[in-house]
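S.K.: So you can see what is in the structure, the chains are spelled out below.
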Amino acid sequence: MAQPGLIYWKSEVNGVETVLSVSPSLRLIDLLRDKLELTGPKLSCGIGRCGACMVLLDGKPVNACLVMAYQCSGKRITTVEGISGQELHPIQQAFLTEGGFQCGYCTPGMIVTLKALLDENPSPSRGELEAGLCGNLCRCTGYGGIERAVRQFVKARSGTEPTTSGELAAGMDAH
Amino acid sequence: MRLSKSASDDRWHVRPDGVGKVTGELKYLTDMRLPGMLHGKVLRSPHPHAWILSIRTEKASRLPGVHAVITHEDVPGMNRFGIAFPDQPALCEDRVRYVGDAVAAVAAETEELAEYALGLIEVDYEPLPVIDSPEAGLDPAAPKLHPAGNVLHRTNYKRGDAEEAFSRCAYVVEGTYETPRQMHTYLETEGGLFVPEPHGRLTIYSATQHGFKDRMQLSRILGMPEACIRVVSSPIGGSFGGKDELNVQPYGALLALKSGKPVKMHNTRKESVRAGIKRHPMKIRMKTGIDGEGRIIAHQVRITADTGAYATLGAPVLNFATEHASGPYRIGHVDIEGISVYTNNGVSGEFRGFGGNQVVFAMEGQMDRLAEAAGIDPWQLRHINLRGMGDPGPFAQRIVQTDGARQVWASVAECALWSNRHDRSGRPEEPWLRIGTGAAITMHGAGLGFGIPDPAGGTLRLTADGKIQAAFGYEEFGQGLLASLELMLKDLFCCAAGDLEIVIGDTDRVPHSGSSTASRATSMMWMALQRMKGPFKSRLLGKASELTGLPAERLETGPGGVYEKGGEGPLVTYKEVAAACGEPLSTHTEFHYPTTPDAIMGAHYLYTYAAVCVKVMVNLLTGRVKVLDQYHAVAAGPVINPQGYLGQIEGGSVMALGFTLTEDALMDGGQYVTKNLDTYLIPTLSDIHERFELHAIEELPEGDSFGPRGVGEVGSVALAPAIVSAIHDATGVRIAKLPVSPEKLQRHFARILAGEGEEAS
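Quick note, the sequences are listed as chains A and B, same order.
Per our numbering, numbering of the first sequence is gapless, rising by one per residue and ending at 175.
Per our numbering, numbering of the second sequence is gapless, rising by one per residue and ending at 936.
Careful: at least some of the hints might be erroneous.
Said to hold, decoys possible - Just the calculated beta-carbon pair ranges, DEER-fashion:
hint: 1; chain 1: A; residue 1: Met68; chain 2: B; residue 2: Lys445; range: 15 to 23 Å
hint: 2; chain 1: B; residue 1: Leu796; chain 2: A; residue 2: Pro122; range: 34 to 42 Å
hint: 3; chain 1: A; residue 1: Met68; chain 2: B; residue 2: Arg684; range: 41 to 49 Å
hint: 4; chain 1: B; residue 1: Lys234; chain 2: A; residue 2: Cys134; range: 41 to 49 Å
hint: 5; chain 1: B; residue 1: Gly907; chain 2: A; residue 2: Glu37; range: 56 to 64 Å
Unchecked claim - Here are a few chain A residues that face chain B, going by a calculated C-beta distance under 7 Å:
hint: 6; residue: Tyr8
hint: 7; residue: Leu36
hint: 8; residue: Thr39
hint: 9; residue: Gln92
hint: 10; residue: Glu130
hint: 11; residue: Cys140
Said to hold, decoys possible - The following residues of chain B were derived to be distant from chain A, with all beta-carbon distances above 10 Å:
hint: 12; residue: Arg190
hint: 13; residue: Lys196
hint: 14; residue: Gly199
hint: 15; residue: Arg444
hint: 16; residue: Asn560
hint: 17; residue: Gly655
hint: 18; residue: Gly822
hint: 19; residue: Thr859
Source of the hints: derived by calculation from the structure; they are not laboratory data.
No residue lacks a Cβ here, since even glycine has one placed at the ideal position from N, Cα and C.
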């Protein structure tokens, strides 16, 4: 029974059924970080611009700073902590081997976004990758390592090597 | 070598802090929490400049759930901080000088309650005239922001007689260059956890680039001995110079001590923008002349820096800009003056490149203008003037010689991007798209420079459980320091990663080894290990010799323990060696960063060189510029950590891309117009192109004892002038103000599209 002013919040978080009594106006990011101590999702801009707080809501990437608790009750939530199983997810592995991070603060959001993007589109063009990552900022790597990680992941999964100006570059346009 | 994963073999290294970062398991200091902790918030000034007439905190203090409210009256020690010159109040007494100035702070049981309590604090202000530019600050009628007036610092460097030399020049160009208020935009905003401990101690978990410097400053503010304060300062979610100065630490510490409870602080992005330091905006006037052969014979520079409300590192940044304003060139007659002026525009401080970015943009712009005036190829003009082996530094000081300048120059001269710059094939057919190529070069000093204490050191120990422990007072803020250190230790001891224990970022556990700044940490770790490896190995092998009965000369360290040279499997494990030692086996070193023997304040001794070539596409309809291809040559000695080196140059160059094309923390009347990442635009993946080549030049002169030079900053310095040079190549338009304004370009291009010629200013 929820206390006055609070809602009964029930969701599946990283595969675990989770029940809380929370304020409906609580942001998902605060719920995850403060109530559940899942600090993988990071808080940076607070306005849905940087992507450091990205989580999956029923498999779709959303900014956890823009979603309220009441909006995600009853849904399936996956944070970066829920991406890997016994072993690292191949995207995480690719980030490690290619140097897809430096300070690492953007990395959880980046990996969550890429998981959703690559699940839906296993072989994105450069333009599709640009569109998919337009809401994820990284200040350290200059995106070089991130792009190499994606490339390596795509290559490992498809068994083919995208050429430098191949799949990932095909979407380059003259803007 | 062309730096890439495939060219690096097994030196391409998975970082020791990697798994925690990709899984989200790693706790940053802002992720920490403790049961019963409070949340701290700071009340900041709404006015860029005002008298404080009164502060009333009673209503906030009476609010249930509020455990501490503090003002300047609660600062037990010195109410000032500042890494070089402490003039910034922790909590303002009678006057505010910028919109980030702190007036009061609150610790409450929830963040919302703390925020609400801030609203109950009543402050009466009397607004004062706002100084919104250095020019306004220099007006004799302007109010004085500090007792000594509005000039923080002046620099002056003269060699020869520039005035007279200009009269002998065949070509003279003059330009005024302006650079923006760039924001570090580390993804992790400032914050941490502040914990009162038994026996009056205080533990601070908060990001900084120099834990001991924070501890010293906090000791002064809190009126507490340094030994009572422990600063834990890694891991950090990015800094780029922006967290070197104290930010939330004074408030978190004061609130924790007053409430007796742990206090968590974590700035919102808006507060980070408002209170945080920025790159110094500079206006640089340059007049440069060459003789008939293209030799620069006269160079006059006037630098005006907007240092904002408080000093922080404004003076050293201006010194650095003054030193680097002649680029890597031999010039007979030089006349440089710099001035750094207090204003009510935020606070400017340390930022990757440290003032070099601004003046190198100007100097390289001058080189292109001179080349055009004289009809000489711009890269050739640089070659004519480039400093060579044996030449002194920019202040005519003795420096450590390398051939870096010519190496990076030649690398760009030979690269395909530069060689093919006139090739018209493959260019877009759309008449509104233009392609151009440009290049620029820089030298960049490392370390703090002559006259500034710049200590270094480190400790090696064999721990009881058989780990080779390396302890350094440096910080991991993303640059890959842990990875570089692990690689260096594995090289020294031929051991496994599992034999190592690296301790950094904790003032209770590490020696003083100076700041993680000024591209110095890798160099200093390497030099410290060079000093420690002999004594440490000899004691370790000596002990192993006692245990095995074999002479130490026949022994060597390896994975898991000590081996007979060429033998298989360790004869004794490190743990067995440790157990046999009466006292823990340890070696310590302390030394000073190498400095020039010539007593010139701030002058550097070790320099890194870099040259950049870029190809850009300019859209004449939108005024937008896109970088299509980049070639970087960096001469910084041996590559320790290829992944880190490449990452630093790529990351630095994309940061410079933002500096060039989009980033400016705009201010109007002392208020930030740009408040968050929706209007302050840093590059995204779509702003970069996948073509990026890095030539790392490792060769050093024979006998060089200084080893690897840092590359943390140099990748961010020469890109801006290369891009504006390429824009000129594409369109004929010369840019002198950053960031490049699409609106302004559109106006130039309207004339080009109307067929009125391509020349514009």
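S.K.: Work down the list of hints and note, for each, if the structure agrees.
M.R.: Here's how the hints hold up against the structure:
In this structure, methionine 68 of chain A and lysine 445 of chain B meet the distance hint of 15 to 23 Å, their C-beta atoms being roughly 20 Å apart. For leucine 796 of chain B paired with proline 122 of chain A, a C-beta distance near 36 Å keeps the hint of 34 to 42 Å intact. In this structure, methionine 68 of chain A and arginine 684 of chain B meet the distance hint of 41 to 49 Å, their C-beta atoms being roughly 42 Å apart. A C-beta distance of roughly 45 Å is found between lysine 234 of chain B and cysteine 134 of chain A, which places it inside the suggested range of 41 to 49 Å.
As the Cβ distance of glycine 907 of chain B to glutamate 37 of chain A is approximately 59 Å, the hint placing it in 56 to 64 Å holds. A least Cβ separation of about 21 Å between tyrosine 8 of chain A and chain B goes past the 7 Å threshold, and the interface hint is therefore violated. The restraint placing leucine 36 of chain A at the interface with chain B is violated, with a minimum CB-CB distance near 12 Å, outside the 7 Å limit. Nearest Cβ of chain B to the Cβ of threonine 39 of chain A: about 4 Å, under the 7 Å cut. The hint holds.
A distance limit of 7 Å between C-beta atoms decides the matter here; for glutamine 92 of chain A the minimum to chain B is near 4 Å, and the interface restraint holds. The criterion of a C-beta within 7 Å of any C-beta in chain B is met by glutamate 130 of chain A, whose closest approach is roughly 4 Å, and the hint holds. Hint status for cysteine 140 of chain A relative to chain B: holds, with the closest Cβ pair at about 5 Å, below 7 Å. At roughly 8 Å, the least C-beta separation between arginine 190 of chain B and chain A is not larger than 10 Å, which violates its mark as non-interface.
Consistency note on lysine 196 of chain B: stated as away from chain A, yet its beta-carbon is not over 10 Å from all of that chain's, at 3 Å minimum. The claim that glycine 199 of chain B is not at the interface with chain A is violated, since a C-beta of that chain comes within 10 Å of its own (minimum 2 Å). Some Cβ of chain A comes within 10 Å of the Cβ of arginine 444 of chain B; the nearest lies about 5 Å off, and the non-interface call is violated. With a cut of 10 Å on Cβ distances, asparagine 560 of chain B stays outside the contact zone with chain A, its closest approach being about 30 Å.
Look at glycine 655 of chain B: its CB is around 7 Å from the nearest CB on chain A, not clear of 10 Å, so calling it non-interface is violated. For glycine 822 of chain B, the non-interface assignment is contradicted: its Cβ lies about 6 Å from the closest Cβ of chain A, within the 10 Å cut-off. Residue placement check: threonine 859 of chain B does not keep its beta carbon more than 10 Å from all beta carbons of chain A (closest about 6 Å).
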